[in-house]
Amino acid sequence: MGNLVLRNIVKKFNDSMAVDIGSLEIDEGEFIVLLGPSGCGKTTTLRLIAGLESPTEGEILFNGQVVNALSPKERNIAMVFQDYALYPHMRVYENIALNLRVDRVPRDEIDRRVREVAGLLNIGHLLGRKPRAMSGGQQQRVALGRAIVRNPKYFLMDEPLSNLDAKLRLTMRSEIKKLHNRLGTTTIYVTHDQEEAMVIADRIVILKDGRIQQAGSPREIYEHPQSRFVANFIGSPEMNFLNCRVDPAEKGALLLLTGGLRLLLPPDGAEAMARANLPREAILGIRPKNVKTGYQVENPDGVGEVAFFERLGEVNYVHFNILGTSGASLIARWDADDGATPGDQVQFRLDRTRIHLFDPADDLSLLGNALRQNRSAGSLAAIG
Amino acid sequence: MTGDLYALEFKKRRQRLLKRLALYAALILYAFFIIYPIFWVGVNSLKDNQEIFTRPWGLPADPKWGNYREAWADGNIGGAFKNSVIVTGTSVLAIALMAPMAGYALARLRFTGQKAIFYLFLSGMFIAPITGLIPLLKLLRNLGLVNSYWALILPNVAYGLPLSVFIVRSFFVGIPKSIEDATRVDGLSSWQTYWMIMLPMALPALYTVIILQTVYIWNEFLFALVLIRTPDLFTLPRALVTFKGTFITSFGPLNAAVILSAVPTIILYSIFSDKIRRGMSMGFSAKG
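Quick note, the sequences are listed as chains A and B, same order.
Numbering-wise (this note's numbering), the first sequence opens with residue 21 and increments by one.
Numbering-wise (this note's numbering), the second sequence opens with residue 69 and increments by one.
Note that these hints are calculated values from the structure, not bench results.
Quick caveat: nothing in here was measured; it's all calculated off a predicted structure.
Glycine included, C-beta positions come from ideal geometry on N, C-alpha and C.
Among the hints, a few may not be true.
Per the computed footprint, the stretches of chain A lying under chain B, defined by three or more beta-carbons under 8 Å from a beta-carbon of chain B, are [stated by the list, open to error]:
no.: 1; stretch: 115-126
no.: 2; stretch: 184-195
no.: 3; stretch: 252-260
If you only want the chain A side, here are some residues facing chain B, beta carbon under 7 Å, derived [stated by the list, open to error]:
no.: 4; residue: Glu73
no.: 5; residue: Ala105
no.: 6; residue: Tyr107
no.: 7; residue: His109
no.: 8; residue: Leu343
DSSO-like mimics (lysine-lysine), calculated; alpha carbons at most 27 Å apart, straight line [as the list claims (entries may be wrong)]:
no.: 9; chain 1: A; residue 1: Lys197; chain 2: A; residue 2: Lys187
no.: 10; chain 1: B; residue 1: Lys245; chain 2: B; residue 2: Lys183
no.: 11; chain 1: A; residue 1: Lys93; chain 2: A; residue 2: Lys187
no.: 12; chain 1: A; residue 1: Lys198; chain 2: A; residue 2: Lys32
no.: 13; chain 1: A; residue 1: Lys228; chain 2: A; residue 2: Lys150
no.: 14; chain 1: A; residue 1: Lys312; chain 2: A; residue 2: Lys187
no.: 15; chain 1: A; residue 1: Lys173; chain 2: A; residue 2: Lys198
no.: 16; chain 1: B; residue 1: Lys150; chain 2: B; residue 2: Lys245
no.: 17; chain 1: A; residue 1: Lys150; chain 2: B; residue 2: Lys183
no.: 18; chain 1: A; residue 1: Lys150; chain 2: B; residue 2: Lys245
no.: 19; chain 1: A; residue 1: Lys197; chain 2: A; residue 2: Lys173
no.: 20; chain 1: A; residue 1: Lys187; chain 2: A; residue 2: Lys198
no.: 21; chain 1: B; residue 1: Lys245; chain 2: A; residue 2: Lys173
no.: 22; chain 1: A; residue 1: Lys93; chain 2: B; residue 2: Lys183
no.: 23; chain 1: B; residue 1: Lys80; chain 2: A; residue 2: Lys32
no.: 24; chain 1: A; residue 1: Lys32; chain 2: B; residue 2: Lys245
no.: 25; chain 1: A; residue 1: Lys187; chain 2: A; residue 2: Lys32
no.: 26; chain 1: B; residue 1: Lys343; chain 2: A; residue 2: Lys228
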């Protein structure tokens, strides 16, 4: 059993369902990221764990003990808020020391701990300042300091980086991860930024409409999304989707037709799909990095006309419309040093081992389900 | 083409300049109408009657500083000053204690009848004190409070609270909810949250309330006229009336008394004018 357990948790606000996340177990020392779009219930889930909201149904357990009735203070958690929630009339020292003062910790002990935390976060020189006299990044460190100083059992962080500029966000997220590695405190972190989640998390929990869509390691979620929503939400640029038709006519392999394209699936995957009683219509998904593109490509699947070239420095992406289809388009990574020009014709080939298929009826992954039902290795690499 | 653009730009600039000039002219005129009467009273407080009537607009030829001594000592302005300080100080202290508590509860706590109580407070802002004067007089007489400091303090507090609660409440409404969440995580009790966090954060609103109510209660005349009989308990505005009767022919000391009574409010305004302006806009751009 996990160290922190959410069991059949439901939260309603005036009969309107906010969260119905079922069950989730979090192990000691884990860095969990609750990820999802606005309004998906991730902050509500965090507030339920913090004790700032009470669940309508279900139980929250810390170390096997039900804590539903305990106040935030009694749960021994610390929380970092999106807007930092620093007390503006108090200096940094007082902000960090307040919860120790409330606990009636001796004054010299408070002083020692505040200075220790300030040293850890490099804010020792700011202890005499008020929040308004500090930058966003400095305020963020103070908010972290306030959380760390009480030595809590769990850190709860509600989009702590979303108010920072892009560059500072990168710095702070690595600092938060380093801090977690150093302190080892179980951390539950809320964000809507999938890139941040991928970098920082041990495990990502993806939420949509108050329900868990998928939970797993960043790599697992990226490589084996269980639904089209997850596939679309994770990864930047987002996954390409093409409507296709599954044709079971050929033996040993299934033929996919999408626009003018014909893709032959390798035997293992085809066999798995055949046993899974697949629908005839499906949605093919493939990440931009798995679409090989260039002016000349070996065994191309088709030809596209460049609509837009995206130069990001480290990597470049080309957006093109597939010729011979009615409006089907793809985004692909472009490895050549020279960019492509809108209007150019380029060839492309989809990496068969990295294809995802989703059921248009419920958006769930067909290949994943097929493979699971087939009790195969469960890896798309098997479709090789 | 470029010439047309320059002409257009020049026209726009000229229009902006003219608008600004008109605005300044109107404001200067308005300020003149406000400042000149005070200046005139100040100038005439240093003249005797003869000079006031012969040279009402001129500066005093030989300033009569004795008018101030006469007003302070003979007109009992000193005693009235003390009464005004007691009544204003106690009333404002009571308002400053109660308004933030009520404002906090109405802005942040959830309880049955919360909206009704808030609207009740609001309705208090729309009742002119004079409409309740007779019932108030009867009530205070029954309580045996007429002709005491309480006869002024209690009504002043009652009539001062609605606007004060309104101003402070709107300030509390604007404080992010996460601050209160943070206090809960930090383990503060409701009282500690109010006393250690919310009240200090609401100090700008509280200063505004204190200044507004001080000025209002310091100048309050109606209650002082009807509810106080003994000259020893007269506040400054009430004492000025008596003063005028006693020194009907001595306009110099009368003007000196007016200036003396206005000095505290003028000082208050000069020091805190910025806070008053912000407070007024805070109150009237309040969130519901």
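Now for the hints, and whether the structure bears them out:
1. Interface restraint, the stretch 115-126 of chain A with chain B: holds (4 residues with C-beta to C-beta distance below 8 Å; minimum three).
2. As drawn, the stretch 184-195 of chain A meets chain B at 0 residues by the rule of a beta-carbon pair under 8 Å; below three, the given contact is violated.
3. With 0 residues having a Cβ less than 8 Å from any Cβ of chain B, the stretch 252-260 of chain A misses the three-residue criterion, and the hint is violated.
4. At about 10 Å, the closest approach between the beta carbon of Glu73/A and any beta carbon in chain B exceeds 7 Å, and the interface hint on this residue is violated.
5. Taken as an interface hint, Ala105/A checks out: its beta carbon lies about 4 Å from the nearest beta carbon of chain B, inside 7 Å.
6. For Tyr107/A, the interface hint holds, the least distance from its beta-carbon to any beta-carbon of chain B being 6 Å, beneath 7 Å.
7. With a cut of 7 Å, the hint placing His109/A at the interface with chain B holds, because the nearest CB-to-CB distance is about 4 Å.
8. At about 46 Å, the closest approach between the beta carbon of Leu343/A and any beta carbon in chain B exceeds 7 Å, and the interface hint on this residue is violated.
9. Taking the CA atoms of Lys197/A and Lys187/A, the gap is about 16 Å. The hint holds against a cut of 27 Å.
10. A hinted pair counts as satisfied when its Cα atoms are at most 27 Å apart, and Lys245/B with Lys183/B qualifies at roughly 19 Å.
11. Restraint check for Lys93/A and Lys187/A: not satisfied, since their Cα atoms lie roughly 34 Å apart, outside the 27 Å limit.
12. Using a Cα cut-off of 27 Å, the hinted pair Lys198/A and Lys32/A is violated, with the two alpha carbons roughly 36 Å apart.
13. For the given pair, Lys228/A sits about 39 Å from Lys150/A by alpha-carbon distance, which is inconsistent with the 27 Å threshold.
14. Under the criterion of a C-alpha separation no larger than 27 Å, the hint pairing Lys312/A with Lys187/A is inconsistent with the structure, at around 31 Å.
15. This hinted pair checks out: Lys173/A and Lys198/A have alpha carbons roughly 18 Å apart, not beyond 27 Å.
16. Restraint check for Lys150/B and Lys245/B: the C-alpha separation of about 44 Å exceeds 27 Å, so the hint is violated.
17. With a C-alpha separation of about 35 Å, the suggested pair Lys150/A and Lys183/B falls outside the 27 Å cut-off, and the hint is violated.
18. For the hint pairing Lys150/A with Lys245/B, the CA-to-CA distance comes to about 20 Å; that is within 27 Å, so the pair holds.
19. Under the criterion of a C-alpha separation no larger than 27 Å, the hint pairing Lys197/A with Lys173/A is consistent with the structure, at around 17 Å.
20. A distance of roughly 17 Å separates the Cα atoms of Lys187/A and Lys198/A; the hinted pair therefore holds under the 27 Å criterion.
21. Restraint check for Lys245/B and Lys173/A: satisfied, since their Cα atoms lie roughly 24 Å apart, inside the 27 Å limit.
22. With a C-alpha separation of about 30 Å, the suggested pair Lys93/A and Lys183/B falls outside the 27 Å cut-off, and the hint is violated.
23. Proposed proximity of Lys80/B and Lys32/A is contradicted: the alpha carbons are some 58 Å apart, above 27 Å.
24. Proposed proximity of Lys32/A and Lys245/B is supported: the alpha carbons are some 20 Å apart, at most 27 Å.
25. For the proposed pair Lys187/A and Lys32/A, the alpha carbon gap of about 38 Å is over 27 Å, so the pair is violated.
26. Note on Lys343/B and Lys228/A: the hinted pairing is violated, with a Cα-Cα distance of about 47 Å set against a maximum of 27 Å.
Checked against the numbered hints listed earlier, the structure breaks hints 2, 3, 4, 8, 11, 12, 13, 14, 16, 17, 22, 23, 25 and 26; every other hint is satisfied.
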